[in-house]
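K.L.:
Construct all of the structure, not just a fragment, from the sequences and the given hints.
2 protein chains.
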Amino acid sequence: MPQHSPHELPEGDPFGADALPYGVFTTPGAPDHPRIGVRYGAYVLDAATATAERGSAYADLLDQPVLNPLMAAGRPVWQAVRAEIRGMLDDGTLPGGHAHPLDEVTLHLPFEVADYVDFYASEHHATNAGRIFRPNGQALPPNWKHLPIGYHGRAGTVVVSGTDVVRPQGQRKAPDEELPSFGPSRRLDIEAEVGFVVGTPAPARTPVPLDAFRDHVFGVCLVNDWSARDIQSWEYVPLGPFLGKSFATSVSAWITPLEAFDAARVAPPARDFPLLPYLDDSSAPEPGGIDIRLEVRINGEVVSRPPFSAMYWTAAQQLAHMTVNGASLRTGDFYASGTVSGPESDQLGCLLEITAGKGPFLADGDEVVITAWAPGRGGARIGLGEVAGRVLPAGGR
Amino acid sequence: MPQHSPHELPEGDPFGADALPYGVFTTPGAPDHPRIGVRYGAYVLDAATATAERGSAYADLLDQPVLNPLMAAGRPVWQAVRAEIRGMLDDGTLPGGHAHPLDEVTLHLPFEVADYVDFYASEHHATNAGRIFRPNGQALPPNWKHLPIGYHGRAGTVVVSGTDVVRPQGQRKAPDEELPSFGPSRRLDIEAEVGFVVGTPAPARTPVPLDAFRDHVFGVCLVNDWSARDIQSWEYVPLGPFLGKSFATSVSAWITPLEAFDAARVAPPARDFPLLPYLDDSSAPEPGGIDIRLEVRINGEVVSRPPFSAMYWTAAQQLAHMTVNGASLRTGDFYASGTVSGPESDQLGCLLEITAGKGPFLADGDEVVITAWAPGRGGARIGLGEVAGRVLPAGGR
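In order, the protein sequences belong to chains L and X.
In terms of full-length UniProt numbering, the first sequence is numbered consecutively and its last residue is 397.
In terms of full-length UniProt numbering, the second sequence is numbered consecutively and its last residue is 397.
Check before you lean on any hint, since a few could be wrong.
One copy or any two copies: either way a pair holds, since identical chains are not told apart in the list.
As the list claims (entries may be wrong) - Result set (SDA-like, lysine to any residue): computed pairs, CA atoms no more than 20 Å apart in a straight line:
id: 1; residue 1: LYS358; residue 2: GLY130
id: 2; residue 1: LYS145; residue 2: TYR278
id: 3; residue 1: LYS173; residue 2: ARG330
id: 4; residue 1: LYS358; residue 2: PRO65
id: 5; residue 1: LYS145; residue 2: ALA204
id: 6; residue 1: LYS358; residue 2: ARG293
id: 7; residue 1: LYS145; residue 2: GLU177
id: 8; residue 1: LYS358; residue 2: GLU177
id: 9; residue 1: LYS358; residue 2: GLU11
id: 10; residue 1: LYS358; residue 2: ILE298
Derived from the structure by calculation, the hints contain no laboratory data.
P.N.:
In structure tokens, the structure reads:
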């Protein structure tokens with residue numbers, strides 16, 4: 001238990017009144033009543049009961065087992081609910097009777113995932129991975145700087161932070177082996193990513209332009225896109241990753257409203273090619289990058305500090321690309337940035353890159369924790385919820 | 001209107017008592033009450049009211065706007081419901097008061113799609129497509145005969161037969177062009193496929209062995225996996241198809257129970273490599289192939305008759321592969337076979353193959369209809385519902 005009372009936010013805590021991420025929690029006393037909470041410091045504000053007590057029009061939207069109804073309500077409602085929650089914290093304290101210490105609640109997968117798409121937006125990662133996967137080919141494929149490459153992942157195996165991840169089994173073939181063999185992955189890896197959750201849907205045939213990004217994206221989370229490199233490298237030509245990824249994708253329990261990152265907007269890297277109009281953000285009114293600073297720890301040791309600001313493709317560009325062919329968006333659609341890697345050797349977002357393809361990769365029992373923060377107003381930090389997971393041996397249930 | 005009464009099934013009609021596919025329909029008189037129907041000849045039996053009248057224990061499962069609750073109920077229930085429906089038809093007639101002529105109802109997407117996976121299981125298609133997409137490489141990748149290659153598609157854009165398909169726009173780059181351009185696809189294609197719908201879920205870390213296929217797969221449908229070849233060929237390296245496919249995937253309105261194909265089981269082609277145990281069906285008690293005979297018509301003209309019996313990988317192998325890494329299955333998971341192509345020039349399942357990559361591809365206004373049947377008991381035919389769609393010009397809403 002923290003030493004301070006719910007009525008004080010510790011100095012420098014990144015979960016202050018400018019962060020206020022949403023999650024879904026239960027208490028030991030009501031394990032069958034999942035509902036929406038808002039993180040404040042080391043506490044969870046029960047948003048359902050706190051708003052109901054005040055007779056808020058949004059109390060029903062918050063007394064829900066997933067964020068989807070709130071996300072579907074649209075940006076004006078998101079803004080109104082956030083203002084109402086902030087109003088409760090005006091004196092810097094949590095409203096009495098509605099706060100639970102974080103370590104006394106259970107956090108659940110905060111939204112029902114519709115479609116899950118994973119991008120590949122870091123030039124550093126794509127170049128490094130390309131060299132390792134295709135040593136005799138071009139590291140960066142010719143399309144890479146013209147469009148944000150992405151693919152659909154498995155929505156049904158997205159799990160919340162804290163869920164153990166069992167080492168997957170499957171077909172593996174090392175380059176020097178003649179035939180594939182079956183067994184536990186020998187090259188289990190992480191991918192530190194940032195995820196974006198769609199709230200407002202878009203019907204078919206209505207591409208989402210760059211400047212409508214804020215109307216559709218509800219919030220931001222952290223992602224660990226677990227990857228079995230040996231399964232992936234054997235299976236992925238020509239239709240892309242499948243079983244090397246589909247066993248589990250972990251997301252943080254907290255979804256931080258997009259608005260919380262207003263002070264962290266930064267220009268993306270200079271573009272090497274002029275972009276087609278639907279992707280051209282060179283004259284956008286606000287910069288498309290976000291200065292989110294990730295930290296990856298394995299068994300408590302920091303192995304990397306990947307900078308999200310270095311991503312070549314922005315989340316707005318990814319959304320515009322994903323819908324430009326007329327594909328609809330649903331509430332709960334979820335897309336991840338791809339591995340976040342920066343230019344420096346201590347900024348790489350996966351072990352494939354960190355170890356130059358040689359390993360070691362994850363061992364059974366390893367615990368991976370990814371955390372992040374972004375600059376807020378007046379020197380404050382905006383925290384993102386961590387995404388954590390432990391590797392269990394293959395074959396276990 | 002058909003000339004015969006609901007009390008007679010025309011001679012040779014493939015939708016007799018051994019087919020009985022399920023769908024979801026509304027009538028003009030009750031457009032807000034979608035419910036489950038069973039096709040019999042040119043009629044829809046209102047399964048909800050017909051079972052309710054008899055006091056069936058399953059009436060509630062059938063008075064639903066999607067098949068998912070019935071699919072989730074498991075194989076013993078599927079068998080019991082089918083037996084009950086067949087019992088109503090014992091004298092070869094439909095129960096009075098519960099039959100609607102097919103052309104007087106509206107058919108809806110029959111199930112809520114969880115995850116959608118598309119495979120690549122025809123050796124003929126994979127070889128032909130490989131030659132066209134990778135003229136300087138190996139046509140069939142080295143992994144192809146060791147595992148059923150597949151990838152996740154977009155579940156949110158699966159549409160029911162009859163839905164118009166708007167020509168997608170996107171980035172296209174012909175091999176002789178230096179830079180990509182933006183515009184409507186110039187190479188819009190079809191892919192004639194057979195789809196399998198999962199009923200009984202499987203928790204994470206419980207791979208579905210070959211012999212549990214029947215316990216999990218509820219039924220079979222036809223699929224048109226619309227494909228924009230120019231968008232696809234520019235985007236698909238290295239992470240697979242994305243926008244070239246994600247604008248629309250059409251499925252038939254009717255899901256035929258797996259059991260209806262018992263008389264159509266055939267051995268798959270001889271395998272060129274021994275398969276790893278989880279895929280080895282050489283000593284399976286029942287053959288894994290299904291003799292479904294497809295027919296593809298464009299604007300009324302037959303362009304191909306692809307044989308599903310020629311598929312190298314079976315649906316049971318695909319399910320075993322999809323779950324061998326520990327990925328869970330959900331009710332509504334849906335997987336398609338990949339383009340069905342046979343060895344002959346009149347058995348190719350897409351225009352890419354039919355025209356050897358040269359086109360012509362689909363023109364605006366073209367109507368594509370895929371139908372199929374399989375051998376049933378005593379020389380009868382088991383019909384599958386058609387999957388039809390018309391191409392609308394790009395940019396329309």
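K.L.:
The structure should be examined with respect to each hint, and the outcome stated for every one.
P.N.:
To see whether the hints hold, each was checked on the structure:
no. : hint            : in the structure
1   : LYS358 - GLY130 : within (14 Å within a copy, 31 Å between copies)
2   : LYS145 - TYR278 : within (14 Å within a copy, 40 Å between copies)
3   : LYS173 - ARG330 : neither (38 Å within a copy, 29 Å between copies)
4   : LYS358 - PRO65  : neither (43 Å within a copy, 52 Å between copies)
5   : LYS145 - ALA204 : neither (27 Å within a copy, 37 Å between copies)
6   : LYS358 - ARG293 : neither (26 Å within a copy, 49 Å between copies)
7   : LYS145 - GLU177 : between (34 Å within a copy, 16 Å between copies)
8   : LYS358 - GLU177 : within (16 Å within a copy, 38 Å between copies)
9   : LYS358 - GLU11  : neither (42 Å within a copy, 67 Å between copies)
10  : LYS358 - ILE298 : within (17 Å within a copy, 52 Å between copies)
Comparing the model with each earlier hint shows violations of hints 3, 4, 5, 6 and 9; every other hint is respected.
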